[in-house]
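Visitor: The primary structure of each chain is shown beneath.
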Amino acid sequence: MPLNRAVIGRSTKSEAVLMVTEDTLRDAAAQFEEPLAAYRDAEAARALGYPEPIAPPAFASRLWFRMVWAWPMYEPDLGREPGANLLLADLHTVSHRPIRLGDRLTMTSTVADITEISRQRDIIHIQNEIATEDGEPVCSTGYKFVISHADTFDPAAGTKKEALA
Amino acid sequence: MNAKVRYEDVSVGQELPGKEVSVDRLALLLFGGQTMRLDFAATHWSERISRSVGLPDVIMHGPFTLGKVLEIVNGWTGDPGALLEHRIRLARPVPVPDDETGAVFRLTGTVEEKLSGNRVRVGVSAASPEGQVLATLQATVQLV
Numbered sequence: 011m012p013l014n015r016a017v018i019g020r021s022t023k024s025e026a027v028l029m030v031t032e033d034t035l036r037d038a039a040a041q042f043e044e045p046l047a048a049y050r051d052a053e054a055a056r057a058l059g060y061p062e063p064i065a066p067p068a069f070a071s072r073l074w075f076r077m078v079w080a081w082p083m084y085e086p087d088l089g090r091e092p093g094a095n096l097l098l099a100d101l102h103t104v105s106h107r108p109i110r111l112g113d114r115l116t117m118t119s120t121v122a123d124i125t126e127i128s129r130q131r132d133i134i135h136i137q138n139e140i141a142t143e144d145g146e147p148v149c150s151t152g153y154k155f156v157i158s159h160a161d162t163f164d165p166a167a168g169t170k171k172e173a174l175a
Numbered sequence: 032m033n034a035k036v037r038y039e040d041v042s043v044g045q046e047l048p049g050k051e052v053s054v055d056r057l058a059l060l061l062f063g064g065q066t067m068r069l070d071f072a073a074t075h076w077s078e079r080i081s082r083s084v085g086l087p088d089v090i091m092h093g094p095f096t097l098g099k100v101l102e103i104v105n106g107w108t109g110d111p112g113a114l115l116e117h118r119i120r121l122a123r124p125v126p127v128p129d130d131e132t133g134a135v136f137r138l139t140g141t142v143e144e145k146l147s148g149n150r151v152r153v154g155v156s157a158a159s160p161e162g163q164v165l166a167t168l169q170a171t172v173q174l175v
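As you go down the protein sequences, you meet chains A and B in turn. Remember, my numbering sits 10 above the position in the first sequence when you count from 1. Remember, my numbering sits 31 above the position in the second sequence when you count from 1.
Treat the hints as calculated values from the structure; they're not laboratory data. Among the hints, a few may not be true.
Chain B side only, calculated, beta carbon under 10 Å to chain A, not exhaustive [claimed, not checked]:
{"hint": "1", "residue": "L61"}
{"hint": "2", "residue": "T74"}
{"hint": "3", "residue": "G154"}
We treat Cβ as the ideally placed atom computed from N, Cα and C, and that holds for glycine.
From just these sequences and the hints, can you work out the full model?
Guide: Following this line, the structure appears as structure tokens:
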């Protein structure tokens with residue numbers, strides 16, 4: 011079943027502010043396994059011209075999962091069946107400045123578009139604006155996911171329905 | 032921003048120092064993010080569910096692939112904050128086998144265009160050791 015195009019244009023905003031703490035940055039640098047001093051050390055960050063340690067640039071692209079809980083993937087209105095497979099195909103980030111220690115971040119997510127590419131597959135484009143609590147724009151992330159519909163899958167058994175028929 | 036690369040020293044077609052990076056199963060698991068609860072989609076930790084949806088194994092998180100691919104750019108400029116814009120196209124899911132190496136990315140990059148304001152556009156390709164393209168990236172970087 012294709013996705014419901016009526017959700018195009020809908021938006022949501024993160025309920026809670028995300029605080030970027032020393033722990034946040036330490037975890038992010040460890041998870042990406044990129045040992046650059048500017049992610050941990052204030053002096054190294056200042057040498058590059060930043061007032062505080064900064065987050066790895068790809069960190070911004072993780073926040074959609076954490077801040078809006080992958081909205082609207084679990085909205086009944088979207089029409090995505092529970093077993094439908096989701097693959098990230100394209101990710102576009104525009105940075106106004108690095109995310110840094112002490113930031114208090116908010117996210118606004120919008121369904122920018124849904125394109126049917128076949129009877130079985132849609133592409134959904136979700137655009138996220140990340141700003142500080144005070145409204146300073148920090149960066150934006152745009153995701154394009156390919157969603158393969160569950161019609162041909164039995165989500166419970168994880169087995170192709172045709173194989174069971 | 033304070034990249035260690037000077038705009039005037041860079042020419043179109045110049046190659047970035049190549050890099051090989053790998054991600055093993057433990058790194059993949061940790062990337063889910065216990066404290067941040069970032070992404071525990073089943074295809075990132077369950078072989079059973081991955082296979083049931085037609086994947087060969089558990090796969091990389093897209094943002095994790097992005098982070099590994101950006102290392103070649105950050106290594107070149109020395110300043111991760113010099114990235115003004117980047118776009119990655121993920122050509123195919125990247126399986127992370129449960130062996131001693133995991134997923135391997137061979138990264139190559141080229142300066143594609145010199146822009147105004149001491150900015151350059153670079154193109155990066157990430158390939159498997161067998162030469163299959165896993166992802167391509169274009170980035171705009173602020174040099175000095």
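Visitor: All hints, please: hold or fail.
Guide: Here is what the structure says about each hint:
At its closest, the beta carbon of L61(B) sits 6 Å from a beta carbon of chain A; the interface hint therefore holds under the 10 Å criterion. For the restraint placing T74(B) at the interface with chain A, the shortest Cβ-Cβ distance is roughly 8 Å, inside the 10 Å limit, so the hint holds. For G154(B), the shortest C-beta to C-beta distance to chain A is roughly 15 Å, which exceeds 10 Å, and the interface hint is violated.
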